[in-house]
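Chemist: Chain residues, written in single-letter form:
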Amino acid sequence: MNAIFYISAAIAVSSTALAISRLNAVHALLYLIVSLLAVAQIFFILGAPFAAALEVIVYAGAIMVLFVFVIMMLNLGPPAIDTERRWLTPGMWIGPGLLSAILMAQLVFVIAETSAYPSGYHEVGSHAVGLALFGPYVLGVELASMLLLAGLVGAYHLARHDFRKRDKGDA
Amino acid sequence: MVTIPVSHGLLLAGLLFILGLLGVMVRRNIVFILLSLEVMFNGAGLAFVVAGSRWGQADGQIMFMFLLAMAAAEVSVGLALVFHLYHRGHTLDADAISKMKG
Numbered sequence: 000m001n002a003i004f005y006i007s008a009a010i011a012v013s014s015t016a017l018a019i020s021r022l023n024a025v026h027a028l029l030y031l032i033v034s035l036l037a038v039a040q041i042f043f044i045l046g047a048p049f050a051a052a053l054e055v056i057v058y059a060g061a062i063m064v065l066f067v068f069v070i071m072m073l074n075l076g077p078p079a080i081d082t083e084r085r086w087l088t089p090g091m092w093i094g095p096g097l098l099s100a101i102l103m104a105q106l107v108f109v110i111a112e113t114s115a116y117p118s119g120y121h122e123v124g125s126h127a128v129g130l131a132l133f134g135p136y137v138l139g140v141e142l143a144s145m146l147l148l149a150g151l152v153g154a155y156h157l158a159r160h161d162f163r164k165r166d167k168g169d170a
Numbered sequence: 000m001v002t003i004p005v006s007h008g009l010l011l012a013g014l015l016f017i018l019g020l021l022g023v024m025v026r027r028n029i030v031f032i033l034l035s036l037e038v039m040f041n042g043a044g045l046a047f048v049v050a051g052s053r054w055g056q057a058d059g060q061i062m063f064m065f066l067l068a069m070a071a072a073e074v075s076v077g078l079a080l081v082f083h084l085y086h087r088g089h090t091l092d093a094d095a096i097s098k099m100k101g
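Chains as they are written, first to last, in numbering that gives the first Met the number 0: chain A, 0 to 170; chain B, 0 to 101.
By construction, these hints were calculated from the structure, which means they are not laboratory data. Mixed in with the good hints, there may be bad ones.
Computed footprint of chain A on chain B; a stretch qualifies when at least three of its residues, placed anywhere within it, have a C-beta under 8 Å from a C-beta of chain A [to be verified]:
#1 32-40
#2 44-55
#3 61-72
#4 88-98
Virtual Cβ for every residue (Gly too), placed ideally from N, Cα, C.
Okay, chain A solo, but in the shape it has when bound (with noise of 0.2 Å):
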């Protein structure tokens, strides 16, 4: 079981370094999310398997796509199409493909080895989570809402902005 921590490591850094040294931002996401799969593998073997299906729902499902959304706004037009066929060539999914391929194994070795579900670390379970986040951190839980709105209000009012200047011909 540690070597799954130890390989899931060594994808999570590789993968993060290739992201960051990428010249093209779409084949940095795919690494990225690699890198974030490799993470959350890592929080399922600690035995924090809510933080590791947060971190796959919101982090490689949500906060990724308002990344993919951007980068694809900001080519429109004829070319793009070619942009984006020259973006993804075959072998561009190689290198992500089969580093979640070896994720994919271990996650999979995990799953059919029940004997090898995490026992050295106390597993911290949804249930504990949720009681303690409504609890003792329930202030946590407001401001992190508010965080969110001015969030929401703040995106909103810049890309308004911006399109409404567009509108006007001036931008």
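Starting from the known structure of chain A, arrange chain B on it as the hints suggest.
Modeler: For chain B alone, coordinates are given in the frame of chain A:
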């Protein structure tokens, strides 16, 4: 049976943080700077979860969730600014913003 030393988990978190910091300092494309910031958040979150699982407490995961909320808010505003910047100057170069007045 998992018997990973806490120091190895924290080392990995530090390594991820340093890689993100390197990206923020080296890259000049503003999208890559935001991506590297996400890597740094991720390293910090990993440190929280490693420490939380060391003591078998839920606090580490709760801090990770707050960090997630903060990262989501940061990235939404940051990407709106990127969008704004691109439509103003048709560039994603972070150095171009240094020519702003006020």
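Chemist: If a hint holds in the structure, say so; if it doesn't, say that too.
Modeler: Tested hints:
1. 32-40: Our answer is that it holds, as 5 residues pass the Cβ test (under 8 Å) against chain A, meeting three.
2. 44-55: It holds: at least three residues are needed, and the segment 44-55 of chain B offers 8 whose Cβ sits within less than 8 Å of chain A.
3. 61-72: holds (count 10)
4. 88-98: violated (count 1)
Checked against the numbered hints given earlier, this structure breaks only hint 4.
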